[in-house]
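Asks: Listed below are the residues making up each chain.
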Amino acid sequence: MFPAQITYHRAGSVAEAVQLLSDNEGAKLLAGGHSLLPLMKLRLAAPAVLVDIGRIEALKGVSASGGGITIGALTTHAEIASSDLVQQHAPVLAEAAALVGDPAVRNRGTIGGSVSHADPASDQPTVLAALDATFNVTGPGGDRSIAAADFATGLLENALAENEVLTSISVPSVPSGAGSAYVKFPHPASRYAVVGAAAVLAVSGGACSSASVAVGGVETTPVRASSVEAALAGSDLSDAALDAAAAAVAGDLNGDAMGDVFASAEYRRAMAAVYVRRALGAAASRAG
Amino acid sequence: MTVPVEITINGKACSGEVEERQLLVHFIRENAGLTGTKVGCDTSQCGTCTVQLDGVSAKSCTVLTVQASGSSVTTIEGISDGVDLHPLQEAFWNNHGLQCGFCTPGMIMAANELLSKNPSPTREEIRHGLEGNICRCTGYQNIVSAVEDAAKAMGGR
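Just so you know, the sequences run in chain order A and B. Residues 0 to 287 in numbering that gives the first Met the number 0 are what the first sequence spells out, letter by letter. Residues 0 to 156 in numbering that gives the first Met the number 0 are what the second sequence spells out, letter by letter.
Keep in mind that the hints were calculated from the coordinates and are not lab data. Owing to the predicted nature of the structure, the values given are computational and were not obtained by experimental measurement.
Taking lysine-lysine and the DSSO-like style, the derived pairs with C-alpha atoms no more than 30 angstroms apart in a straight line are:
1) A:K40 to A:K59
2) B:K11 to A:K40
3) B:K116 to B:K151
4) A:K59 to B:K116
5) A:K59 to B:K11
6) A:K59 to A:K27
7) A:K27 to A:K40
8) B:K11 to B:K116
Work out the full structure: start from the sequences and follow the hints.
Replies: As structure tokens, this is what we get:
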């Protein structure tokens, strides 16, 4: 399989990438290429121009930044999975990164590419929604930030303007003593999440002092499970409390679940409660 | 339209004029003439096109040649000196780790990266390390045994 004909540009800097995007209507950014190239080979996408940002060093790596970490958009899943800083500040992100695709895919696929592609079956968008991450973007008018919850706007659609580049993602540290987990039901062939659930639970004096929970794979964008969070607040995180909280996810799904030949919408909704429960159980066991 | 590219493959500079949409696996096979690297599923799943790209394993059906211009690639042909087999090749031979052999180049390239990071993996870790590589003949038992054997041989060196 071959992609349709393209014109390829390699950008040397973010400014150059923004300029190339502005000059070429409909141009697409290429990072690791592990979301876009498969679509292009299947002719589900046929951009006339590709702007390759894959070699811009300034967009690579993880650094500590006031109260959390900043992850360059070009940081690969393999780098995130093995990063000490990620492990220290947001271990659930490393846990999810290690579950993306397979080793070769993790070597090339980038976090920025994955979230920009906005495939609801991807792992990291769900985790970043639970972590209250901020997406840092550069465009012709300068820089701006987009909250993780507002970044994906629909199936394979994001909040970036045509000539904006996602440069990094800021992730606040999980609360001290919090337990976190990402659990997914991987599609047996593609390894994408049929359903994925992320949870971060903090405990204080035997009661849950904060909870953030998100679910992916069910609707067209990651869903922040506020009903589950409300049910957990102040609870003792006993099995019964986790059971009840996980069941509350039904109230967070707006009835717009996706279905396909592998997993119907009804099945995905049912699995959302199951996987939220598993994520809560794992996170609770790691808290304290 | 074609553009000039230059990629170092197995230590040798390979240049060419290629279509911008050409995939790296086709450059390796058709321009460089190295047909050990196979095209299998062509959808980033089967792993038989696995090569080492700038030091890490990559599926060469999911990389554009132009993206890799300026990079270094090692293919299955580059892991041994052409006289003695690499310990992984030797172990696949000794353990009958293949039937038709189509997946073998990718299996060996992926296993090579696994062993570079984890020189003595358990059978479970070998299975995880090879999860991006599909064999439709053997059922994997002998492949896992081959990698286990190679790990011992390489640790002994």
